[in-house]
Each structure stands twice: as C-alpha cells, then as structure tokens.
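Trainee: Chain residues, written in single-letter form:
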Amino acid sequence: EPALIYDLGGKFDKSFNEAAFGGASRWVTETGGTYKELEMQSEAQREQALRRLAETGSNPIVMTGFAFGDVLGQVAPDYPDTKFVIIDMVVEQPNVKSVVFAEEQGSYLVGMLAAMASKTDTVGFIGGMDIPLIRKFGCGYAQGVKAVKAEANVILNMTGTTPAAWNDPVKGGELAKSQKSQGADVIYAAAGGTGMGVLQAAADEGILSIGVDSNQNHLFPGKVLTSMVKRVDNTVFDAFTAGEAVEPGITMADLSNDGVAYALDDNNAALITPEMKAAVDEAAAKIKSGEIKVHDYMTDNTCPAASF
Amino acid sequence: MMDLTTVLQILDSTIRLGTPLLLACLAGLFSERAGIFDIGLEGKMLAAAFLSAAAAFVTGDVWLGVAAGIFAALLMSAIHGLASITFRGNQLISGVAINFLASGLTVLLGQYWFALGGRTPSLTGDARFAPITLWGAEALREVPVIGPIYYELISGHTALVYVAVAMVPLSAWLLYRTRFGLRLRAVGENPAAVDTAGVSVVGIRFAAVAICGVLTGLAGAYLATGLSAGFVKEMTAGRGYIALAALIFAKWRPWYALGATMLFGFLEAISNRYQNIDLGGIVIPVQFMQALPYILTVVILAGFVGKATPPRAGGEPYVKER
Amino acid sequence: MAAERQQGRQAAAAPDSLAIELRGISKSFGPVQANKDISIQVRRGSIHGIIGENGAGKSTLMSILYGFYRADAGEIYIGGRLTPIPDSQSAIRAGIGMVFQHFKLVQNFTVLENVILGAEEGRLLRPSLAKARKALADLAREYELEVDPDARIEDLSVGHQQRVEILKALYRQADILILDEPTGVLTPAEADHLFRILKGLREQGKTIILITHKLREIMEITDTVSVMRRGQMTATVQTAETSPEELAELMVGRKVLLRVDKAPAIPGRTVLKVENLRVRDENGVERLKGIDLTVRAGEILGIAGVAGNGQSELLEVLGGIARGAGSVQLNGVELDLSGKHSDGQSRRLQGIAHVPEDRQHLGMIMDFTAWENVAFGYHNEPEYQKNALLMDNEALREDTRRKMERFDVRPPDCTLAAKNFSGGNQQKLIVAREIERNPDLLLIGQPTRGVDIGAIEFIHKQILALRDAGKAVLLVSVELDEIMSLSDRIAVMFDGRIMGFRDPATTDERDLGLLMAGVDDVKGAA
Amino acid sequence: MQKMPPWADALLVPLLSLLIAFAISSVVIFAIGENPVEAMKLMVTGALGSSYGWGYTLYYATNFMFTGLAVAVAFHAGLFNIGGEGQASLGGLGVALVCLMVPWPHWSLALIGAVVCGALFGALWAALPAWLQAKRGSHIVITTIMFNFIAASLLNYLLVNMLRPVGSMDPATARFPAETNLPGLGEILGAVGIPFSTSTPANVSLFLALACCVLVWVLIWRTRLGYQIRAFGKSEKAAVYAGIRPVRITMYAMLISGGLAGMMAVNNVMGEANRLVLNSVEGAGFIGIAVALMGRSHPFGVFLAAILFGFLYQGGAELALWTKIPRELITVIQALVILFTGALDNMVRQPVEWLFARAGRGAK
Ligand SMILES: Nc1ncnc2c1ncn2[C@@H]1O[C@H](COP(=O)(O)OP(=O)(O)OP(=O)(O)O)[C@@H](O)[C@H]1O
Ligand SMILES: Nc1ncnc2c1ncn2[C@@H]1O[C@H](COP(=O)(O)OP(=O)(O)OP(=O)(O)O)[C@@H](O)[C@H]1O
Ligand SMILES: [Mg+2]
Ligand SMILES: [Mg+2]
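Protein chains in written order, with my numbering: chain A, 1 to 308; chain B, 1 to 322; chain C, 1 to 526; chain D, 1 to 364.
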C-alpha cells in the first residue's frame, strides 16, 4: 500500500500539496486502490511520520517538499526495503527517488504572459518562504517578463523565512495590496496556501494574478491570468502506479516532458489573446530545443533579471 | 524617504491589521476592568473566526456569519465565566484551557464539516465583507493630500473596521458615563464594595465577560470574513496575545487601546511589507519587528516607562465565605 | 441571672417599638459555627451595643442582618414585619445601613462615586452625581460630616473614609445604622466626634447598632447592650443597670483575673537600645517619627496605644520585616536596619525572637503541619539539618512533639496542619517556637488576642518566666489590662511617637488614656 | 475535622476530573461521527500495544516530565510559569550550540555538556521574567507569555540567519556529530536483554527525566530551599517574617523551573532530531501546565500525568494515521483536562467534599 505525506502547507492548500492529493485521488479512481496519508503539523513530526509509515509496511512512501530532505537522509537507510519518493529535493540514497522540477521554465512562460497582460508595465511576484527554491521561481518569472518588456518593473516580495510563510493568506493579501499600490497589475504567487490570499486580494482589487503548482484558474474565474502548473500530481500518480517497483534516482521534470506548464482553460481563455498564446508557445518550443536558456537560480544563487 | 502613497498604503494596512487587535483589546478591557483576567482572548477569537466563516459559507450571508462568530465567542466566555466566577477557579488556567479548546475544536469540527484539513471553503460574494466607499470619497479623490487620505485611508474599509473604531468612544462612554460602567469598574477594584452596595457582583462580572465575548466574536469574525476570505487553522496567530499586550500598553483605557493596537498594527504592517529594514547601515531584522510588541510590553510591565497598574481585584475570584 | 431578667422585659415591650428582631439565627462557615440560634431585639431610636471576644460571631451576625451572608436558619423582623434579607439590596430597601469593620470603598473612586455606587438615579451618571453632591452638602451640614466630595478615597485619612461609609448609609436613607468596631482605627478625639454624630442620629429617631470591644464606649453611649460568646447571645441588658465587671464576666464566661502574680523585676544591662528610629510605609508616609527607648535584661517594656499608631511598624522593623532608619543596638551591637542584614533570619541569629501580631498571616503557614511551622524562621538552624543539603525532618518532629507537650498544645499531633488547630493552640505553638529559643529579646505583639482565658494565663506565665530568666521583652498590646498587669515599664505610642513612659505601679487607665490620645499631662499638648 | 481525606484530594478528585474530560471527549468523537470505543482501542494499541508504541509514548512522556516539573516547581513557589515553551526552545539553542561547537569524544560527556548548557539557557530565559516579578512586580504570567513569543522570534532569526548551514533550505541547524547521538532506549534495553524497538526516539534522557523527578521531590520536601519555596508559595508575607527573601526565592524557583524546561531539549533536540529545528518544542511547554495540574505539582503525580499525556500524544498520532479523526483531538482532551483539573476544580471538588462530609456525619 502506498503512502503520501503532505508538508506543512496542508493537503488543501489549493496548490502544491493539493496537486499531490489530486494525483493520489486520480490513482484511487483509476485503480480502486487505497493509500495512507499524513499531514505534517510541525517540523518535529517529520521523522515519526516517515518511520511510522515505513514500520507499518507502506511502500512506496511519497512526500512533498524539500523540508523532508534532511530527515529522509536519516530514515531511508533504516528501511532499505522501502522505496521513498521525495518531491522538490534531491536525496541520494539507493532506495530514494528524487523528483525535481524545472520551475524556472514554467515561470518564464507565465512571466511572459504577465508582461503582455500588464498595462502598467509593473508586475509583481510574491514568494512563500525565502529559500533558493522559491527564488528560482521568481528568477524564471523575471526573465520571462524582461524577455517581453525589457524595461518592465518586477516587484519581488517573500512572505517570510519560516514554513509558516506557506500558510499565511492574510499576509499574502497585504503584500498583494501593497504591490498593487506600487503599480503592479499582475501578481504571480508562488507561496502555497499563502497564495490564496494573494489571488483573493488581486481579485478584490481588480488586478490579475497567476497561480502556482495546481491549476488555480478556477478559483477566481476571469481574475487569474494563468497558473504555473507543476505536475506533482503526475509524479504521485506514477509513483503509486509503479508501486514497489519505483525506480530510484533523480528525475527532472521540465517543459520537455510536460513536468511544468502554463494553464489554459475556460476560466482564463478570455484573458489570453491568441497573440499571447502564440508568443508563449513559441518560447516554450525554443526552451525545449535549447534555443532559449532559462537561468536556474539554484545553480549559482544569482539571477540575471532580478535582485533578491 | 517614503512617498505619500507608500505611507498611506502602510497606514491603510495598519488600520486593517489593527482592527482585530482593537476589538480584542476592548474585549479584554471590559473583562479585566471587571476583575476577570482573560488570557483566553486568542481562543475566543479563533472560535469566532471559525464559526463565522463556517456559518457565512453555509448561509451565504456574512452577517449571519458574524452572529455565529459572536455566538461561538460567547460560548467560550460562558466557560470562562463558569470557571472563574461561579466556581471561583483560577482565571489564568481557565484562559489557557480555552485557548487549547478553541485550537482543537475548530480543526476537529472544520475537518468534520468541510473535510478541508481544518479550513473552511473560501468565502465569496455576500459571504464576506466588501469594502465600503464612504460618501464623497470618489469625488474627493483627486483633491491633493486630503483626497488620497480620505479615499485611501478613511474610506474603503469593511463594515467591521468602522464598527471597531466606533467601539472606542462607545466603550469610553459606557465605562465612564453610565451606571453600568461605574459598577463594572468598581467590581474590578473592590467587589465587596459593590456587593455591600446592593449590586450583584456575579451579575456585573458575567455581563462584562459577555461583552468580552461579543467583542472577541466581532474580532474573530473580522479576521475570517473581513481581513481574509475564510478560516484557516490557527488563523489568529497570536493576535489574542498581542491584544493582551496592547491592553497592558493601554493601561486598561479605551482611547489608549486605540493607540496601542494601531501601533501594534503598524508594526505588523511594516514587517509584512519589509523583510528587513535598513536604517542607514543598521539592518533591523523582520523578526525583531515581529517581537517588538512583546518587547515593548515587557518594558511597560517592568515599569521603567509609564507603570501600568492593573485593576486591583483583577485575577482574584470574589470569595465571601471560605 | 441578668440575661433572663432582661429578656423578660424586652418581650413585654410593644412590638411596633422594635426596629429589629432576630429570631434563631444560625450560621456556619464549614466546620466553624459562627452563630448559634441567636435571638435579639433592638428598640427603635436607641443605640444598641454588641460586645464579645474576637471570633464571638458579632460581625457575622450583623453581616447576616445586612444581607452580606445568608443565615443557615432564623428569621429577621424589621419594624415588626417578617423581612427576608437574602442580599444587601433587600437590607438597603429595609432601611439598613452598615459600616463594616473593613471599609467597603473603592480606593480609586471619588467620594461622590462611592456614595452613589449602587444607588444611582437612572442609567447615566451625570444626574446621579449632581443629586448626590447636593445631598452630601446637606448631610454634612446636618451631622458635621464634612468630606470633599471630589477627593479620592485613597487620599483620605481613615477617619474620613469612615465618614464616607456613614454618608453612604445616610444617602440611602438608612433608618438603622450598624457600625462594626468603628473606633478601632480612630484616635480618641475622632471617636468622640463619631459619638457626637451617633447621638445626633439617635435624636433624629434612627436606630444604631454598635459593635465594639471597649467597655468604656459601651458605658458611655449605648442604651442597651448585648453580649456574645462563642457564637451565642449570652445576655441583653440595659446599660444603665450593668457595670463593666458584669459585662466582662458575661463576655468571658467567668470572673476575669485582674492581675498576674509576678515577682518584682530585677533589670540588668541594656539589651535593646533604640534611637531616633524612623519608618516609612510603601506610600512614603512616615509611620515611626523618631522612637527612642531601651529595654533591659529581666524587664518587660509594654507598649500601649490605640491600634495603628506605629506599634506594628515598631515590631516589624525590630523583627526585620520592615526597613527603617535610625539606630538600634542589641547588646551594644548596631543592627542593620535597611541593608543586606535587615531580615528576619539575621535578627533571629542575633538573638531576637518575634511573636507577630497577626499569627494567621505572618506567624505561620496555615497549610503547613505543626512541625513544619515549628521550623518556620528557624529552618536554617543546624540542629534541624541532616547534612549540608537535607533537612532533618525526624529531629524536627521530635523537637515539635516536645514543644507541644511542654506548652500543652492540643491535639498533640505534630503532623496536623496548622489550620486544624484552634486559634489559641496556634498561638501556643508560635509562643513555644519563639520562647524555647531562649532569645535575648522577645518581641511579642497582641499575645492573647482571640485566646481563651486558660491559654492567656499560660502564655502570660511563659512571658514572665522568660523575663525572670534575665531576658528582655518588648510587649505590644492594645489591651490596657494586659499591659498594666505584665509590664515593668509602660511606653505609650501615639502617631508614630512615644508620648511618655510610665510605671505601672503609679499610673492608671485615665493617665494612659490621655497619653494614648496624644495629650501629655505634664507637657500639655504633644 | 478534615473536610476530606488526603487521598481523595490527591487521587480521587484528579481522577474524577480526568473521567469527565474523557467523557466529554467521547461525546466530541461521537459528534464527529466516529466511534469513541474504537478510537480508544486504537489509541491504546497504538501507544501501548507494541514496544514501538511504548517508545514513542515514553519519548513524549520524557518531554512532558521536564516541562511538567518545571511548571510544578514554579507552582510551589506560587508562580505560574507559562514560559515553559520559550525556555525549552532556548534550552534547545543551548544544546545545539554545545553539540555543534564542542568536539565531544563520547556521548556521555556530550550529555553532561548538553544538560548543563540546556538548563543554563532555559534558566536564563526564565531569569528576566523572574527578576521583573521579584523586583518590579511585573506579573510573571504576562511576562512569560511575552517571552515565549520573543523566544520564537529570536530562534527564528538565529536559525534563518546564523545557524542554518550554507546551502540548506530549511531553517534548522546542521546535524550534530555522530559522537553526540544518545543511545536509544532500544539499545539500552537490548544490552540488558530486553527486546525493544530500536526505531523509536525514546532515549537515555528518559532516565534523566526520572532522576529529575526524584531530585525535585528531594528538593521540594527535603531541602531547606524547598521548604523556603513552599513557604513562600503559600504566603509571601509570612515568608518575609520568617526571613525568607522573596527576591531570592523567586529567582531560585524560576531558575530551577526554567532549567528543567531547558533540559527538555536533551530529549527532543539531542536525543531525537539531532539538530535544532523551528518550533522544536511543539507545545510541550504548555502541556507541562496540564501535567503539573493533573499531578497536583507532586513529582510522582507529574510522572504519572506525563505518561498519560505521552500516551495521549502517541495514541493521537496513531488515531490521525488510521482514522479520519484529526490529531487536534488531543488538543481538545488536553484543554478539557486543564479545564477540569485546573479551572473547574471546585466544580468537581465541592460535590466530593459534600459527600465526604455527609458520610462523615453518617458515621458519627
Ligand atoms: N468569611 C468567613 N469564612 C469562614 N469563616 C469565617 C468567615 N467570617 C468569619 N468566620 C469565622 O466565624 C467566626 C466568627 O467570626 P466574626 O468575624 O463574626 O467574629 P467577631 O465577633 O466579629 O470577631 P472580631 O471581634 O475579631 O471582629 C470566627 O471563628 C471566624 O473565623
Ligand atoms: N479552616 C479550618 N479548617 C479546618 N478546621 C478548622 C478550621 N478552622 C477551625 N477549625 C476547627 O474548628 C475548631 C474551632 O476553632 P476556633 O478557632 O473557632 O476555636 P476556638 O473555640 O476559638 O478556640 P480558641 O479559644 O483556642 O481560639 C478547631 O478545633 C479547629 O480544629
Ligand atoms: Mg468582627
Ligand atoms: Mg478562637
């Protein structure tokens, strides 16, 4: 029986963790199987959660979030017969599969859309916890914006420095209002549950927002420009389907294997003009072909298009 | 250093963030002025935030949500009253228990009702408060200086913000100009004096605790239906304790409470907006800003700056016979 | 018996002339029965005194009449009509006002606010305050009860605070006024003023119940007097037909010993020498304004005075509880009055033992066992230690058993909590603890307050025995009899000063009373 | 003479309170559509049914013993220390620093270092509120609450900006060196031939906590300091009469209290996580209040109550794993225990006293 552990943002963050939940649910409807799931309440519980699931024979155990990395490095060797899948982090153990995403590529695409949709030539980015991973989102986004409008202004904010930053919609809303007052009319939220506050505030203030991880277009139809989708659901679905036969090692999910994408559906069809779509699709093709190289912040902790 | 729009933005945010603190602080003021210490403000707010969001979602009417929030806080107040007035228990312990009770029950019930891990579904439309544009705001908007101040800062808040601000003069009036206020203050100073004057101490104290419930109910409802759009686990995030700190800072007085809560709201607005503040070479980390309300309160408590004297009979159950 | 005689006559009086009649009132506080089946009649337009020892149940009875406590059984008749009084509101409505032993005033409210509290006109304060201001002015004129209506209570003297309490009752149009030990905190002059007011009220047809311990006051002002003992009403008599001796006997239940047999003192070297001792309380008010005295070995110096004139502070500063300024020498060694060594521990090490006035709140810990209380203050004594870390509880229990036997503490169970001993036995335990230390100087305050006659004699003997062993004793008591019978010399305190020293053999109560009132025969006014 | 025999006060009343708390919890479980009996069974098997469960139960109980003792010692001095949370996190800082900075040759030496340093940091964090209470009369309940928040901000700052290893994304310190890893309960019991799960975090700190229970008992009831603490706690006025110095006793009691809370870090930071993470205390400081109230501030009572709460914690985790009942149920039970054993004590006590009084009269 497989198992899934959600990070502190919670299963229903409408974003990262919920995407994982979506994958698991899809697996349940398609296979009729059952799985176990756990939500983290605090940092200190991670180890117990992992051990408990391993003890009771769950296999594979999928966990969402980089924060499990350190603990998994300790626990995995104790359960050599159990397979672990960690999303967003690399853990080098013989029984661990690490899945990381090319968020900079997806962010680049939504950055282009943001620049094209903006009338003020000022766009915003609200990150969750201030860590390299989130800066990677912001950096890709800024590159996309600058690719369309080199002189455009990108306002970057982070919600906080601790995991609480993933779950603070009030602060997300306040930051969005502040960015709006500075002229931003499109705001990209890469902040887990905090993003809900950003999307809400943007809708209230009559500006556009961009969702993250899951397709969040439906949350405020016509108010969410697009979403940078990370196919975490696919990762979970694949892992659950493979079962104990999960292949350990590192997997990179990017544009070329549809690991990341921008979302287009009925809810935002009116916001994305054909020209915008054409421009973005072209850029996507170039990225896949390697013609456009999007800089990954985490490779050298610098960003050519923005300063954090 | 900062232009007017930025300043207005921060002050605007200050008002939004200060409002729940103000309501909770006034709530605590009524309770503590009547001699009932209340460290359970946090729990009452949390319970109110949850039930108001839940009711607003189910009924689609934010005012019904507010009513439900007040009901939840009143329930918690009733427990506090029962423990500390009727059974003469330790008020601090009762407060601690209420905080835990709210923290646990909100998630338990939330999960049972909505299966969203303790949060309520997002509120939309009439299930949450919309900003109110005050009369003449649009017209005045273009007038320099006062235009933006009136339009940005004073107009455009949700109904409960105006209710909260109106509560300040109302509380002051009630406390200092009415019979009820006189008795309430007396009960917090010397309950025996009130008792021998032929007034029921228990009655006044329960009334005070009930007022505290109504106000924390408003505070919680504002958090869930005004400031954000729905309930999130632990969404009060220590605001009840900040309100308590503000109450000490305000020396248990209504107008001072307005000042104290707005100061603390301002600190929160600043720390929301800036991760670190660079003051010409000295960088103030955001964590310091977040801790500042507590640090200031400790300084006040230490009595180095403007000693705060709590109501004399505060925290003591009124016991006539051993 | 006087009691039977009186009851017969009162029952014959017309019922409509009775302001109050209580029938069969009983009240228990947990295991303590404070009132047992009490009946009493009070004539309209009279001043009715109630006397009785500490803890006799006087305050409890009056609090029941005022609706502060609820009686377990019994009936209350006001003006001949059965009137249930479940709370103070009903009492006020029935025209009863009460001035409690401990005032019930809100300290940071003004006089006016205190007066209207609970008797406001309508929901808003403004009209009530205006009305009360006028009413107070009228009352002040009528009864010599001037107070500044806008002063805060905490800024008023005790005498003025008491006026506020009386004004509160009169403002509520009380016909029956109860005063619980009103003169305990007053100077004689203030007390005289109060009595003038009370007489004025009587002339207006008001009924007054006066609780007091002072026989002089009873004789001076009351028309009728009731005596309580151990929760029961022992007698009601016409004041004109009784004498202080008879009242004392009724109060205590047997003939009171007037003098203690004692050998003449043989004073030796000076043990305690106090010069210009000054103490301020936490509000900065000077409580001791320069005390000079000496106590010699083998002598008892008695300090007389109305309560609240600095006697407590004197004991506290000598016992190391309070801090002071000036000079105190013990056996020629200067004591530290305000520094690191001005605490109870250091004093005990230097040879001072201290039986405090307030035994329940200072002298012992009610929840501690007897043996733990015997270590209280002496917990650092080497004999109670097993080693550097641990206390020797077994030795302590053994020591306690010995002390309890010697001082006849009952029940002789050293593991019983202090609160389970009666007041007299608690006091014996404390006296045992302090005297058995064989101190150079014993400070002892109100040694027999609330203690029964048998224990009083025993404690007095112990104090004298200590004196005869060549130790110095400083005795503080508000009971003049006690002071007169025990002391070898008497100092009278008034307003933080010593008014003079007297030899008990050559002085009398009148002389001491004048000194206690601040009047010095020889030098004139102080 | 006595209202109620001592055993009724020490055992019967808390047990009744506990019973009421559990009864109401059952109603809550029932109300959210689950079976209380099944839930209870699951908790018992999950927490006590295997040595794995016991390991976690004892691990949590160890935490609660430290914080419960901390609250209890302060209670004896008449002080309500709500600051266990902050003191324990500062203790964590101390343990982390001493484990990371000193090259310990062996765990036993590291343990001593960690105990000293954890207790020291915890005590220091209690010192300022204590001093303010003693010298300036600032209400210790409020100051310790404030200090909890200040501690959280301080740790947040340190972990994010100073202690986080380069390149790491979570706000946590580096792993402690292997020499500082404490032997687990499984290893210890295994060495004496008792089979016990080795994959639980219960570790040698359990014995430290037990030792602390005994030491606190000795301190409170056998030493002069304990005598003075109790006297001071019953009546400050009388204590002054006896020459007990309020400032000194307040400071000592709170330093000991804070030290005990700080020592908790030996268990969770050094024994379990092997690094300092954010919010490592996880509310154990507050549970200490419930534990001390339940245990009537007696070390043995604290021990029993800590085991009870350890059971609740582990059982609750199992419940969350196997049923739809969220872990927050434990918070509710905890709240009810605090409510009934603390604030509503009279509600339970008065009827019991009344019954005893009636029985007493009947016997006569
Ligand atoms: N509130 C109370 N709770 C419990 N016991 C009480 C209470 N008030 C009084 N008592 C007890 O009732 C008894 C009678 O007390 P009361 O105050 O009526 O005596 P009193 O005659 O007024 O004495 P005093 O002369 O000292 O004022 C005493 O044993 C006292 O300890
Ligand atoms: N708070 C209490 N708890 C338990 N028992 C008490 C309490 N107060 C008094 N008692 C018991 O009630 C009895 C009567 O106490 P009280 O102080 O009224 O005695 P008393 O008659 O005044 O004796 P004494 O003349 O020695 O003062 C005592 O024997 C004591 O055991
Ligand atoms: Mg009395
Ligand atoms: Mg007595």
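Keep in mind that a hint or two might mislead.
If you want the ones that stay clear, here's a sample from chain A, every Cβ over 10 Å from chain D, calculated [said to hold, decoys possible]:
id, residue
1, ARG26
2, ILE131
3, GLY206
4, LYS286
5, SER289
Calculated pairs, SDA-like style, for lysine to any residue (alpha carbon to alpha carbon, straight line, at most 25 Å) [to be verified]:
id, chain 1, residue 1, chain 2, residue 2
6, A, LYS223, A, ASP185
7, C, LYS134, B, TYR176
8, C, LYS262, C, ASN276
9, D, LYS135, B, THR309
10, D, LYS234, C, ARG401
11, C, LYS340, D, TRP354
12, D, LYS237, C, ASP336
13, A, LYS119, A, SER289
14, B, LYS320, C, SER26
15, C, LYS419, D, TRP354
16, B, LYS320, C, SER39
17, C, LYS289, C, GLY518
18, C, LYS461, C, ALA265
19, D, LYS237, C, ARG323
20, B, LYS251, D, HIS139
21, D, LYS234, C, GLN385
22, D, LYS135, B, LEU296
23, D, LYS234, D, THR323
24, C, LYS340, D, LEU128
25, D, LYS237, D, MET251
26, A, LYS119, B, ARG141
27, D, LYS234, C, SER312
28, B, LYS251, B, LEU263
29, A, LYS119, B, ARG273
30, D, LYS234, C, SER26
31, D, LYS41, A, ASP185
32, B, LYS320, D, LYS237
33, A, LYS36, A, THR241
34, D, LYS135, B, LEU292
35, A, LYS288, A, ALA306
36, D, LYS237, C, PHE103
37, C, LYS289, C, HIS160
38, D, LYS234, C, ARG323
Since the hints were made in silico from the structure, they are not lab data.
C-beta atoms are modelled at their ideal positions from N, C-alpha and C, and glycine is treated no differently.
Trainee: Hint by hint, say whether it matches the structure.
Mentor: Okay, the hints, checked on the actual structure:
{"no.": "1", "hint": "ARG26", "in the structure": "21 Å, holds"}
{"no.": "2", "hint": "ILE131", "in the structure": "4 Å, violated"}
{"no.": "3", "hint": "GLY206", "in the structure": "35 Å, holds"}
{"no.": "4", "hint": "LYS286", "in the structure": "30 Å, holds"}
{"no.": "5", "hint": "SER289", "in the structure": "31 Å, holds"}
{"no.": "6", "hint": "A:LYS223 x A:ASP185", "in the structure": "11 Å, holds"}
{"no.": "7", "hint": "C:LYS134 x B:TYR176", "in the structure": "21 Å, holds"}
{"no.": "8", "hint": "C:LYS262 x C:ASN276", "in the structure": "32 Å, violated"}
{"no.": "9", "hint": "D:LYS135 x B:THR309", "in the structure": "15 Å, holds"}
{"no.": "10", "hint": "D:LYS234 x C:ARG401", "in the structure": "24 Å, holds"}
{"no.": "11", "hint": "C:LYS340 x D:TRP354", "in the structure": "49 Å, violated"}
{"no.": "12", "hint": "D:LYS237 x C:ASP336", "in the structure": "20 Å, holds"}
{"no.": "13", "hint": "A:LYS119 x A:SER289", "in the structure": "31 Å, violated"}
{"no.": "14", "hint": "B:LYS320 x C:SER26", "in the structure": "17 Å, holds"}
{"no.": "15", "hint": "C:LYS419 x D:TRP354", "in the structure": "19 Å, holds"}
{"no.": "16", "hint": "B:LYS320 x C:SER39", "in the structure": "24 Å, holds"}
{"no.": "17", "hint": "C:LYS289 x C:GLY518", "in the structure": "14 Å, holds"}
{"no.": "18", "hint": "C:LYS461 x C:ALA265", "in the structure": "14 Å, holds"}
{"no.": "19", "hint": "D:LYS237 x C:ARG323", "in the structure": "14 Å, holds"}
{"no.": "20", "hint": "B:LYS251 x D:HIS139", "in the structure": "14 Å, holds"}
{"no.": "21", "hint": "D:LYS234 x C:GLN385", "in the structure": "22 Å, holds"}
{"no.": "22", "hint": "D:LYS135 x B:LEU296", "in the structure": "18 Å, holds"}
{"no.": "23", "hint": "D:LYS234 x D:THR323", "in the structure": "47 Å, violated"}
{"no.": "24", "hint": "C:LYS340 x D:LEU128", "in the structure": "22 Å, holds"}
{"no.": "25", "hint": "D:LYS237 x D:MET251", "in the structure": "17 Å, holds"}
{"no.": "26", "hint": "A:LYS119 x B:ARG141", "in the structure": "22 Å, holds"}
{"no.": "27", "hint": "D:LYS234 x C:SER312", "in the structure": "22 Å, holds"}
{"no.": "28", "hint": "B:LYS251 x B:LEU263", "in the structure": "14 Å, holds"}
{"no.": "29", "hint": "A:LYS119 x B:ARG273", "in the structure": "24 Å, holds"}
{"no.": "30", "hint": "D:LYS234 x C:SER26", "in the structure": "32 Å, violated"}
{"no.": "31", "hint": "D:LYS41 x A:ASP185", "in the structure": "56 Å, violated"}
{"no.": "32", "hint": "B:LYS320 x D:LYS237", "in the structure": "22 Å, holds"}
{"no.": "33", "hint": "A:LYS36 x A:THR241", "in the structure": "14 Å, holds"}
{"no.": "34", "hint": "D:LYS135 x B:LEU292", "in the structure": "23 Å, holds"}
{"no.": "35", "hint": "A:LYS288 x A:ALA306", "in the structure": "23 Å, holds"}
{"no.": "36", "hint": "D:LYS237 x C:PHE103", "in the structure": "22 Å, holds"}
{"no.": "37", "hint": "C:LYS289 x C:HIS160", "in the structure": "22 Å, holds"}
{"no.": "38", "hint": "D:LYS234 x C:ARG323", "in the structure": "23 Å, holds"}
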